[in-house]
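Enquirer: If you want the building blocks of each chain, they are given just below.
Number of protein chains: 2
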Amino acid sequence: MNSSIVVIESIDKMIEWSQNERTKGNKIAFVPTMGYFHRGHLALMEMASHLGDKVVVSIFVNPTQFGPNEDLDKYPRDLKRDIDLAKSVGVDCIFFPNSKYMYPEGFQTWIEVEGVSKGLCGDKRPGHFRGVATVVLKLFNIVQPHVAVFGQKDFQQLKVIERMVQDLNLPVKIKSHPVVREKDGLAMSSRNTYLSSDERKSALCLFKALELAKKLHQTGIKNAKEIKKEMEKLIHSTPNTRIDYIFIGDSTTLKETEDCPSGTLIALAVWVGNTRLIDNTIL
Amino acid sequence: MNSSIVVIESIDKMIEWSQNERTKGNKIAFVPTMGYFHRGHLALMEMASHLGDKVVVSIFVNPTQFGPNEDLDKYPRDLKRDIDLAKSVGVDCIFFPNSKYMYPEGFQTWIEVEGVSKGLCGDKRPGHFRGVATVVLKLFNIVQPHVAVFGQKDFQQLKVIERMVQDLNLPVKIKSHPVVREKDGLAMSSRNTYLSSDERKSALCLFKALELAKKLHQTGIKNAKEIKKEMEKLIHSTPNTRIDYIFIGDSTTLKETEDCPSGTLIALAVWVGNTRLIDNTIL
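Just so you know, the sequences run in chain order A and B.
Taken in order, the first sequence gives residues 1 to 283; the numbers are from the numbering used here.
Taken in order, the second sequence gives residues 1 to 283; the numbers are from the numbering used here.
Source of the hints: derived by calculation from the structure; they are not laboratory data.
A couple of the hints might just be wrong.
[As the list claims (entries may be wrong)] When the alpha-carbon atoms are kept at most 16 Å apart in a straight line, the in silico EDC-like pairs for lysine to aspartate or glutamate are as follows:
#, chain 1, residue 1, chain 2, residue 2
1, A, LYS201, A, GLU182
2, B, LYS255, B, ASP123
3, B, LYS173, A, ASP12
4, A, LYS214, A, GLU199
5, A, LYS87, A, GLU46
6, A, LYS173, B, ASP12
With the hints as constraints, model all of the structure from the sequences given.
Expert: And the structure:
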């Protein structure tokens, strides 16, 4: 538990804070977020506190990872609440930069992670992972962490970041945390706040479809198409839903496979009303 | 003058060497090169030795910045000679990585600097600046320099790097060194070794065209088209030459201009026989 927490808005001051901590020999653990914390975020922060001497959490609703018709403007925000929650799990510093300074006029440099950005959410949200990789690299250069923690709920994002770190020789270790769920199984997401009470019920179909897939796999069904068909059936029978994609394939290359050996990734995105939810599991 | 010089091939060992120097409080000045040193390279190294406590020079003929029909295979190489030359100007460490480890199987992450990579060499060598920006970012992450020195001869490259450093909040200062020339004015380049003695004479047309442009500008001609026409005339009258481009425009945005206020960039690329040479000046 940490009684004091620093909130830094300036990029230069953040660099200075981190530089100062590094000079003192402190190991910095970093959790990049878009804010509006739920238990999933707090679990990442708690994990970070075991990995480093100082925990930095960034809150930045990154415009460059939203498509033109996506929910950038309505994305939920509550800085005061976030600060209190972060404080409650011992976070030392919140970095809360302004978009004007993260992307000043004339900004023109982008990170493209080619292979693992394709398929899944990459195909459905063009430019999304370019925006994610670019902002994460910027945040790494500003916060200068020794280790950074990402949630496995955004599985493809995790793979994009891991690949970027490896390819660009970034001096930071990436750690990941399993999906944190509500009691009934729904994966925690800031976007769950968009759901009406009926939609909240329907939203459980993602988890249910993943559980069904696991059960089928356990009973000996190893054919991806067959598993996918059963998942589709389950979701189609749920009101207010529309499948965006169901992916079954290799968890490293993110290429689809026909068979489902142990370690296979199943990931899906489903529209529930006007809210797009994602979830995944490893068989 | 430095009597000992370290040559490091391993990426991990280079990171360790730099980390060690940083921990000791030493400031690292870095000169990324493709080797086959001439006086231009040595001038960058000498500049670096005034900017840092330790000078690191990388020698890496970066395959990703060469096009499929370019001179990657015949690019001149002589490590032994390079080590001796670097030693003579007090370089502390040469980083000489292997392409297999810089770009291992599955490599897929690229840096795109959009605006300033367009036009000039960017249009003539598609993918060139993507390769340059990517390898320079990798080298920065491995060598961890406080400051890096680039030559102004590759003016567009300098602008791409400056833009990348600014946009990605990289913790490194970029310094540049003026074009270093042979006695008669030919800009130093490793590619000058490709020239036959007749071509060597023709190669002077780049410098002559730039001098002509300056003279015209001084006499009051401020129209870019007019200046370009006179430069073209001069080069066309030189045997064995073919103009790749002549650019007259803004030295920051690298956009062409009609007028030539003071500070205007004139840059050109000319084929002399089978060798493509570049040069530039600021009015």
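Enquirer: Now, for every hint given, state plainly whether the structure supports it.
Expert: Evaluated hints:
no.: 1; hint: A/LYS201 <-> A/GLU182; in the structure: holds (12 Å)
no.: 2; hint: B/LYS255 <-> B/ASP123; in the structure: holds (13 Å)
no.: 3; hint: B/LYS173 <-> A/ASP12; in the structure: holds (14 Å)
no.: 4; hint: A/LYS214 <-> A/GLU199; in the structure: violated (24 Å)
no.: 5; hint: A/LYS87 <-> A/GLU46; in the structure: holds (11 Å)
no.: 6; hint: A/LYS173 <-> B/ASP12; in the structure: holds (14 Å)
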